[in-house]
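In order, the protein sequences belong to chains B and G. Counting from 683, one number per residue, gives the positions in the first sequence under the working numbering. Counting from -8, one number per residue, gives the positions in the second sequence under the working numbering.
If you're looking for bench data, these hints aren't it; they were derived computationally from the structure. Just so you know, even glycine gets a beta-carbon here, dropped at the ideal spot from N, CA and C. Each hint should be verified, as a subset may be incorrect.
Pulled a few chain B residues facing chain G out of the computed Cβ check, cut under 7 Å [unchecked claim]:
1. Pro766
2. Gly768
3. Val813
4. Ile841
5. Arg845
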Amino acid sequence: MRATITRCLSAIAILGFANQSVAAERHADSDASRSQTTANQLRHQVALSPHQSPGKAEKRGVANGGCIPAPNLHIADAWIRQPPPGARMLAGYITFQNTTSRNLALTSATCDAFEEVQIHTITRDQVSGMVRMVRLKELVIPANQTLVMAPGHDHLMLIGPKRDILAGEKLTLRLFFSDGTLKECYPDVRGRAKSAN
Amino acid sequence: MTWRRYILTGWLGLALSACDAVTESSQAPFPHAIMTPQPAKTLPDLTLTDGTGSENKLSNLNGKWIWLYFGFTHCPDVCPVAMDAMVGQYKKLKQADQVLPVFVSVDPKRDANRALKTFTTYYHPAFLGLTGKREAIDELTRAVGAAYVIDTPAKPGGDYNVSHSNLVFVLDPQGRHVATYTPEEKALADDFNALLTEK
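The following block holds chain G by itself, in its conformation from the complex (with noise of 0.2 Å):
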């Protein structure tokens, strides 16, 4: 168990050195991000739904920077938590108009309704939710890396839970995927209002 836990120690460590190394090589504006891809990656223009019936295409919301999250809306543990963290973080942005968080449901199944747009407004009335489309939901998890596996309800039409990434992808004003962060602490506040702030 030793040397394996050793051999995870080590590779633990390249992919830290080479994170640091990314971020340092190219100054990115995103200190405390776990990921910043190299090149900021452009995203598919897809087209989703805002629960209501009205769509969107993603280029719809240039303009600003996106905080994205994929979550469900029937989340007991996962996404309240880290609703909870990104409302307390953008409401310490001192530019919060330039800043969209988005909470995108890979749970359209149960999600494709008014119970989305109840489910943002509760958190915070800035925040947008959008779901759609299988394929198109999973084109966008599959552009950014995000990950989400739907469970098997126990019986036919019973409750059921969504496995899915607990990270915030930030898009830059022109739709590209430029950082990843986990949505605790402070980090996105900190960098976003050092970031907001410069320009």
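So here's chain B without its partners, still in its complex pose (with noise of 0.2 Å):
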């Protein structure tokens, strides 16, 4: 009966401790993360909770901010343009592979070294010759299609780095999809000569 009692205390702390794991993790994911945090980041947050299982939900949670990771979006090219001294906004292209039968939307994005990232398109005047950054809500991959971010056309434009951003080294980027998806990626920073090519 004492050795029943024990384990059962045992096990009522050993949960506890747990718990309070999770949530201490979720907290400091929160506070590193509240200035970038996105009113989509926190819909897709608050929209995923109830199709999930509390015991997934909590895995998730601490893993993916609340999202399920994206398992039929694939990402074939993940780049960041070296920028030059003092530059406070740089692009950022990724491609897409779209393999299910239904349009996904990148939402919104995130990266820690960055302020704040938006995804951006250019649009041009072919009287003038001028070319405008257009800021889109989201960014559409249609069913079954490729997607291909490139330079001068559809981009992710990453704004405020929090230290110097040094060709070669590999950042980490969190996009959020329509579904309420997340896909993890890691671009590379590639200096002139290789994102010239």
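Join the two chains into one complex using the hints; note that each chain is given alone, in its own frame.
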């Protein structure tokens, strides 16, 4: 009997500790990313929670900020152009392969090394030759198709580097999609010789 | 929508025919230019600065062919691509000493300092960076037919974007605007290698 009670108390203590750990990790995670967390991400996190079982939700919550990893979206290439010295805005490019039978839309992104990440495209005025960067609310990746972000076209704009960004290093981008899924990718920073090719 | 497309196509066709006619009639040495002003347009002799405080009159640059590009150093996507393309073409020139690529920042608020020199040197040490007072920049862009729009930052003191022409304006050694190119491909290098070899 005493042994049973001891085991129960131990189990309760372990569960309590585990819950505290999860809560602490979540708290730390939310603190670290609070300044970057957009309304879109919060919407994803809230929208997803009813569809997840508590156990899986906790694991996913810790790893992915409450979002389900995007299983049928592949990233073939991701890179960021090394900025000239002092540049406050950088461009990043990703190739998406949507292997599902429904459209997916990239709705927001974050990167630890930058204050903000926006989704942009470029429009051209044929008369004046003026190019205009336009911020997008979302970028649709059509069903069963590949979308290639490229210089002079669709791209991510990474604003406000928090430190020097060096050629050769890999950064972590977190991409949030319209169906509530999340994809993490690791673009490499390409120097001028590589990015020009 | 279809008739609009046809009208647009018609206009484009007419415009392209006109460009061809201009190019052929003048036998201009810029076969790959998207536009060649007829006659060559003399530019106002404006004063610009190189970002370190040194003033440069446009006429001081006379004697060389100028590849004039308008942009801003914080440009994340368009200017880097254009600068890389211009550097690539500049390196292909057989007589590069006769050509001076000039990057004019239309964003003097952020670029009227050493950042401009750092930016151009990052791409190529031979490239010259210039900017200036808003009035001078506006007069120059108007003269060559360039355009730009400075966005309002989302928050006071925040980063902002600048939309601008993505074109290279060629000035002859007398400082006249004689041709306009897109910066991509190898049109500039091909035309200038042919032009400077002939002389």
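| field | Closest C-beta approach of Ile841 (chain B) to chain G relative to 7 Å, hint status | value | With Cβ-Cβ at 5 Å, under 7 Å, it holds.
| field | Gly768 (chain B) as an interface hint toward chain G, with CB separation required under 7 Å | value | holds, 5 Å
| Hint validity - Val813 (chain B) Cβ closer than 7 Å to any chain G Cβ | It holds, given that the least Cβ distance between Val813 (chain B) and chain G is near 5 Å, below 7 Å.
| Can Arg845 (chain B) be said to touch chain G, with a Cβ gap under 7 Å? | Violated, because the Cβ-Cβ distance from Arg845 (chain B) to chain G comes to roughly 16 Å (cut-off 7 Å).
| request: Using Cβ atoms only, decide whether Pro766 (chain B) comes closer than 7 Å to chain G, and label the hint accordingly. | output: OK, holds: Pro766 (chain B) within 7 Å of chain G, min 4 Å.
This entry does not satisfy hint 5, going by the numbered hints stated previously; all others are met.
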